[in-house]
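Using the numbering used here, the first residue of the sequence shown is number 499, and each one after it goes up by one.
What the hints contain is simulated information worked out from the structure, not anything from laboratory work. All residues carry an ideal CB built from backbone N, CA and C; glycine is no exception. Check each hint, because a few of them may be wrong.
As the list claims (entries may be wrong) - Pairwise CB distance ranges, derived in the manner of DEER restraints:
1. 748 x 926: 43 to 51 angstroms
2. 638 x 862: 52 to 60 angstroms
3. 747 x 542: 41 to 49 angstroms
4. 672 x 763: 20 to 28 angstroms
5. 521 x 933: 32 to 40 angstroms
6. 830 x 922: 20 to 28 angstroms
7. 855 x 595: 42 to 50 angstroms
8. 672 x 910: 48 to 56 angstroms
9. 944 x 628: 26 to 34 angstroms
10. 545 x 678: 51 to 59 angstroms
11. 649 x 862: 49 to 57 angstroms
As the list claims (entries may be wrong) - As a list, the in silico DSS-like pairs of lysine-lysine whose alpha-carbon atoms are at most 25 angstroms apart:
12. 502 x 570
13. 845 x 910
14. 518 x 502
15. 570 x 557
16. 732 x 570
17. 521 x 557
18. 518 x 779
19. 502 x 521
20. 732 x 779
21. 845 x 779
22. 557 x 502
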Amino acid sequence: MAIKSLFIANRGEIAVRINKAAKALGIRTIQAASEADTDSLACRLADEMVVIGPPQAAKSYLNVEGIVQAIKASGADAVHPGYGFLSENPRFVSAVEAAGITFVGPDAGTIAKMGDKAMARAEAVAAGVPVVPGSEGRIGDLDDARRQAARIGYPVMIKASAGGGGRGIRIVENEASLETLVPQAMAEARASFGDDGLYMERYIQNARHIEVQVLGDGTDVVHLFERECSLQRKRQKVWEEAPAAMLSKAVRDALCASAVALARRVNYRNAGTLEYLYDSKTEEFFFIEMNTRIQVEHPVTEAITGIDLVQAQLRIAGGERLWFTQGDITQTGHAIEVRINAENPAKMFMPSPGLVAAYRPPEGENIRFDTLLFEGYRVAPYYDSLVGKLIVWAPDRPTAIAALQNALNSLKVEGIHTTVPLHQALATDVEVGMGLFHTAWLESWMAARAGEANRA
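Let the sequences and hints guide you as you build the complete structure.
In structure tokens:
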């Protein structure tokens, strides 16, 4: 292993995950921490901790200059950005590269190209990958938006070119709505990403969200099959699984081949995910964006393939070529991941920071819980509410859902509210069990249940 010491420029469960993967490879870990995170599980696991600033993310985990200075001072060989924060920030990557430090991920140019949705779309078209009919590049002014929408046909979806996490997205039903929603989306994109650029695409109703995991070494690329992430609330994934049970072998093969073709076109290096919309009625899939980092839901791919993706990231960043071929990668069984957030589902998902009075991880075979929790830990109010990811594996999907129910029932977290009740309800829902859902299904399901509760 060429990397001897690793600076972890993130927090929470992904920082814990990276610490464990690095230590398994014999790499010394240096954990970045804001003043609010100095007693975190990640800091307890790391060989060294470096305080990078006050609790506010803008002054700590998002402070490019401060983090680069901390990395240099630490003497680390490499930096792992996790997901979120600076993981897809080309300026941060360029600064790391300029300092002679290895960035665990693709280079700054690839991140800039594939992180801009309009540019990524152009690359997909050039690679022969199907894309949703939409604007060619970014939308200009409102007049341009009108012309583009008229050509594509309503309803359309407008998205932030530099965005992610569902921010800057609006569904536009007609031209009158366009007049209002385009300025709203631009303002949200500017506030969230510092870039108000938008692009537009046809809105596919009742679409499913499918994504393909890839690994590349800059020359060769392989896929590790697909995941389904259609159960979403406010465009945030809450339940992910692998494989996508509704896909035929022919569609799966074509989908994964298209992901490899696009990743090869851009000489992709390290782990990446290509996201698609899938129309169950026509069995068509359309590329929408690429995430040039490790995904929150990567454990379900690890569960069905047996490949540790974070260790693979570190090995590739250390200069190794891919040590397996496509034919070496097989998928076995079915895995489901649910995101456990410190939120109260009974009160409009209000955040629930506070002291964890009691904690017991879930019990059972083929159960994994990636978390930042421990008894006595205080969940801070400053960051994303994700506190854990519960992953189960079983030989088939019905058995995996049953295992998920048991695991949720055995998980104990007291002192804060979590989204466990939401997942318990979903795991017993007939339509979820039959796989009859799409990206807009969950919000309708929650609205119907809220209506029933009010009538009662």
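Okay, the hints, checked on the actual structure:
no. : hint                          : in the structure
1   : 748 x 926: 43 to 51 angstroms : violated, 33 angstroms
2   : 638 x 862: 52 to 60 angstroms : holds, 55 angstroms
3   : 747 x 542: 41 to 49 angstroms : holds, 45 angstroms
4   : 672 x 763: 20 to 28 angstroms : violated, 37 angstroms
5   : 521 x 933: 32 to 40 angstroms : holds, 38 angstroms
6   : 830 x 922: 20 to 28 angstroms : holds, 27 angstroms
7   : 855 x 595: 42 to 50 angstroms : holds, 45 angstroms
8   : 672 x 910: 48 to 56 angstroms : holds, 50 angstroms
9   : 944 x 628: 26 to 34 angstroms : holds, 31 angstroms
10  : 545 x 678: 51 to 59 angstroms : holds, 53 angstroms
11  : 649 x 862: 49 to 57 angstroms : holds, 53 angstroms
12  : 502 x 570                     : holds, 14 angstroms
13  : 845 x 910                     : holds, 20 angstroms
14  : 518 x 502                     : holds, 14 angstroms
15  : 570 x 557                     : holds, 18 angstroms
16  : 732 x 570                     : violated, 39 angstroms
17  : 521 x 557                     : violated, 28 angstroms
18  : 518 x 779                     : violated, 42 angstroms
19  : 502 x 521                     : holds, 10 angstroms
20  : 732 x 779                     : holds, 24 angstroms
21  : 845 x 779                     : violated, 36 angstroms
22  : 557 x 502                     : violated, 28 angstroms
When the structure is compared with the earlier hints, violations turn up for hints 1, 4, 16, 17, 18, 21, 22 and for no others.
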